[in-house]
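For chain D, the structure is supplied; the task is to place chains L, V and C on it using the hints.
Okay, here's what each chain looks like letter by letter:
4 protein chains.
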Amino acid sequence: MAIVMDADALNAFLVEVFEQVADDFFVDDVSEEETILRLRVGPQHLRPGGTISGPSMFGLADVAAYLVTLSRIGPQALAVTTNCSIDFMRKPQAGVDLIAKARLLKLGKQLSVSDVLIYSEGSDKPVARASLTYAIPPKSIG
Amino acid sequence: MAIVMDADALNAFLVEVFEQVADDFFVDDVSEEETILRLRVGPQHLRPGGTISGPSMFGLADVAAYLVTLSRIGPQALAVTTNCSIDFMRKPQAGVDLIAKARLLKLGKQLSVSDVLIYSEGSDKPVARASLTYAIPPKSIG
Amino acid sequence: MAIVMDADALNAFLVEVFEQVADDFFVDDVSEEETILRLRVGPQHLRPGGTISGPSMFGLADVAAYLVTLSRIGPQALAVTTNCSIDFMRKPQAGVDLIAKARLLKLGKQLSVSDVLIYSEGSDKPVARASLTYAIPPKSIG
Amino acid sequence: MAIVMDADALNAFLVEVFEQVADDFFVDDVSEEETILRLRVGPQHLRPGGTISGPSMFGLADVAAYLVTLSRIGPQALAVTTNCSIDFMRKPQAGVDLIAKARLLKLGKQLSVSDVLIYSEGSDKPVARASLTYAIPPKSIG
Chain D
194 MAIVMDADAL NAFLVEVFEQ VADDFFVDDV SEEETILRLR VGPQHLRPGG TISGPSMFGL
254 ADVAAYLVTL SRIGPQALAV TTNCSIDFMR KPQAGVDLIA KARLLKLGKQ LSVSDVLIYS
314 EGSDKPVARA SLTYAIPPKS IG
Chain L
194 MAIVMDADAL NAFLVEVFEQ VADDFFVDDV SEEETILRLR VGPQHLRPGG TISGPSMFGL
254 ADVAAYLVTL SRIGPQALAV TTNCSIDFMR KPQAGVDLIA KARLLKLGKQ LSVSDVLIYS
314 EGSDKPVARA SLTYAIPPKS IG
Chain V
194 MAIVMDADAL NAFLVEVFEQ VADDFFVDDV SEEETILRLR VGPQHLRPGG TISGPSMFGL
254 ADVAAYLVTL SRIGPQALAV TTNCSIDFMR KPQAGVDLIA KARLLKLGKQ LSVSDVLIYS
314 EGSDKPVARA SLTYAIPPKS IG
Chain C
194 MAIVMDADAL NAFLVEVFEQ VADDFFVDDV SEEETILRLR VGPQHLRPGG TISGPSMFGL
254 ADVAAYLVTL SRIGPQALAV TTNCSIDFMR KPQAGVDLIA KARLLKLGKQ LSVSDVLIYS
314 EGSDKPVARA SLTYAIPPKS IG
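Protein chains in written order, with the numbering used here: chain D, 194 to 335; chain L, 194 to 335; chain V, 194 to 335; chain C, 194 to 335.
Warning: the hint list may mix true and false statements.
Identical chains blur together in the list; that is why a pair holds if it fits in one copy or across any two.
Unchecked claim - Straight-line alpha carbon distances no greater than 25 Å define the calculated DMTMM-like cross-link-like pairs of lysine to aspartate or glutamate that follow:
no., residue 1, residue 2
1, Lys284, Asp199
2, Lys284, Glu314
3, Lys284, Glu212
4, Lys299, Glu226
5, Lys294, Asp317
6, Lys299, Glu227
7, Lys284, Glu227
8, Lys284, Glu225
9, Lys302, Asp317
10, Lys318, Asp222
11, Lys318, Glu209
12, Lys302, Asp221
13, Lys284, Glu209
14, Lys302, Asp199
15, Lys302, Asp217
16, Lys294, Glu225
17, Lys318, Glu212
18, Lys299, Glu314
19, Lys302, Asp290
20, Lys299, Glu212
21, Lys299, Asp217
22, Lys299, Asp201
What the hints contain is simulated information worked out from the structure, not anything from laboratory work.
This is chain D alone, in the form it adopts within the complex:
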């Protein structure tokens, strides 16, 4: 399925619709194969000892799966996550951003399914993996 929103379009969408968290995220790249989303790690993402919190990694996976879906269907503020399964596999490295690589596995009329691998920037060993399902709202008739 053709890409209808590129990295610039997704970044603009984030600023417009998710103003509260838009500063945390940046879309590095959108291709047929995957959408790459960066979490700009800041103090608000850390736990004692300097590790990145679970909710921060969940949020990164969630936004990455959402954006890889939107890259094919266009802006849909109403799509909602219905399921996420996430495995935390390694401790993220301190002092570097997290990079999420999201693949769209299925795009149906009602549901999309994606999977995401999360890396510490500069490493090729994933710190987490996730799979997510989104419910796509019925098309409005205008």
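Below, chains L, V and C alone, put in the same frame as chain D:
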């Protein structure tokens, strides 16, 4: 297995070890059957339109599953989440806290498994369900 | 939501529609709270050493979640599983049936969400837990 | 991590240890990137209407994730699945085998994490995806 940390002990542990988020959570009750954890919903948990964010609900499930484990094994700051599967089923109600009810299904030497139901306070229809696995660090020898 | 198929009706449905596996399963009870399904463990469910195979436990969870949905919506041969997350927690006991207890957590127009605990008959420690999502086909117009 | 069991070694292991199901499976290929496992679809895997049963697809994912782990650690009949999350995305095609492609994402001392994509042979659209965790037994001392 006997309860070794009650609600007061878990609340004190949260303040001591997770100072950054301790204000968000409050343990309402600990019993043999379940541990009940409250998310004091504030502006930092909301998305546009007033709905509670996915990461906030994930974080609630994660802390609830962690605390139900600690209620039986005592304070272990090092236990780490290895897997979470979460289903988002209904939109939370506006203006009320979220209540998580966590059950411990297995407590092994290396892993604990819990499940969690999350409700808007005052409702009996769950907004989310989650199951979580924790890796328990080997006992230190002192 | 009212129960529209009781244990007898679900057992008759299994024989009619899933003849190949109907001998493996028996609905012990249907109530508002849960549907209880028995796996009549036979040689075809065993692995070397006498343990019950993973696919047999997955199948039991899948059928239990399906039947608890049908108990509320009536016979729908076309409902399909879209997601299952399952944790294997303990080794089943040898020589006894498995008992699945399924709760319906959400029944929407398009999706149902259930969770299931599986026990060796006579034990109160679950051997597995699962959560499942079903896609419910649109009502046919006849 | 180096490959210590190739396709021939894994196929021989299946015959030796899982005689009951060894005829159902065949390892097509083992590489650094992935292990490819074939389900030789037969009448025992089908549901009414000719579709492949959920337990058959679960079993394929389970064996594929197990074998990709063994390809790096050698024969370990005792490794046990602790968690599986599986999404069923498309109806398999009739009359062709299923092909599972398993990647090893983490290999720790106690746990391995893998993900699996399942295809109808000859198609590039996955019918299912799964992620699985295995508990690896402590090394015996001989």
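Here is how each hint holds up against the structure:
1. When the C-alpha separation of Lys284 and Asp199 is checked against a cutoff of 25 Å, the pair qualifies neither within a copy, at 31 Å, nor between copies, at 30 Å.
2. Proximity of Lys284 and Glu314 under a CA criterion of 25 Å is satisfied intra-copy only: 13 Å inside one chain copy versus 34 Å between copies.
3. Taking the shortest Cα distances, Lys284 and Glu212 sit within 25 Å of each other only across copies (21 Å), while inside one copy they are farther apart (29 Å).
4. In this assembly of identical chains, Lys299 and Glu226 lie within 25 Å of each other by CA distance both inside one copy and across copies; the values are 13 Å within and 22 Å between.
5. For a Cα distance limit of 25 Å, the shortest separation of Lys294 from Asp317 qualifies both inside one copy, at 12 Å, and across copies, at 20 Å.
6. For the homomeric pair Lys299 and Glu227, the shortest alpha-carbon distances inside one copy (13 Å) and between copies (21 Å) are both at most 25 Å.
7. For a Cα distance limit of 25 Å, the shortest separation of Lys284 from Glu227 qualifies both inside one copy, at 24 Å, and across copies, at 24 Å.
8. For the homomeric pair Lys284 and Glu225, the shortest alpha-carbon distance between copies (23 Å) is at most 25 Å, but the shortest distance inside one copy (30 Å) is not.
9. Within a single copy, Lys302 and Asp317 get their C-alpha atoms only as close as 34 Å, which misses the 25 Å cut-off; across copies the closest is 19 Å, which meets it.
10. Taking the closest pair of Cα atoms, Lys318 and Asp222 come within 25 Å of each other both inside a single copy (20 Å) and across two copies (23 Å).
11. Neither within a single protomer nor between protomers do Lys318 and Glu209 lie at most 25 Å apart by alpha-carbon distance, with minima of 33 Å and 33 Å respectively.
12. In the homo-oligomer, the alpha carbons of Lys302 and Asp221 never lie at most 25 Å apart, since the shortest distance is 27 Å inside one protomer and 34 Å across protomers.
13. Taking the shortest alpha-carbon separations for Lys284 and Glu209, only the inter-copy value of 22 Å comes in at or below 25 Å, while the best intra-copy value is 32 Å.
14. When the C-alpha separation of Lys302 and Asp199 is checked against a cutoff of 25 Å, the pair qualifies only within one copy, where the shortest distance is 21 Å, while the shortest distance between copies is 33 Å.
15. In this assembly of identical chains, Lys302 and Asp217 lie within 25 Å of each other by CA distance neither inside one copy nor across copies; the values are 30 Å within and 34 Å between.
16. For the homomeric pair Lys294 and Glu225, the shortest alpha-carbon distances inside one copy (12 Å) and between copies (20 Å) are both at most 25 Å.
17. For the identical chains of this complex, Lys318 and Glu212 are neighbours neither inside a copy (31 Å) nor across copies (31 Å), given an alpha-carbon limit of 25 Å.
18. Taking CA atoms no more than 25 Å apart as the test, Lys299 paired with Glu314 passes between copies only; the shortest distance there is 17 Å, against 27 Å inside one copy.
19. For the homomeric pair Lys302 and Asp290, neither the shortest alpha-carbon distance inside one copy (34 Å) nor that between copies (27 Å) is at most 25 Å.
20. Proximity of Lys299 and Glu212 under a CA criterion of 25 Å is satisfied in neither setting, with 28 Å inside one chain copy and 31 Å between copies.
21. In this assembly of identical chains, Lys299 and Asp217 lie within 25 Å of each other by CA distance neither inside one copy nor across copies; the values are 27 Å within and 27 Å between.
22. With identical chains, the CA atoms of Lys299 and Asp201 are at most 25 Å apart within one copy only, with a shortest distance of 23 Å there and 33 Å across copies.
Violated hints, listed in ascending order, are 1, 11, 12, 15, 17, 19, 20 and 21; each of the other numbered hints is respected by the structure.
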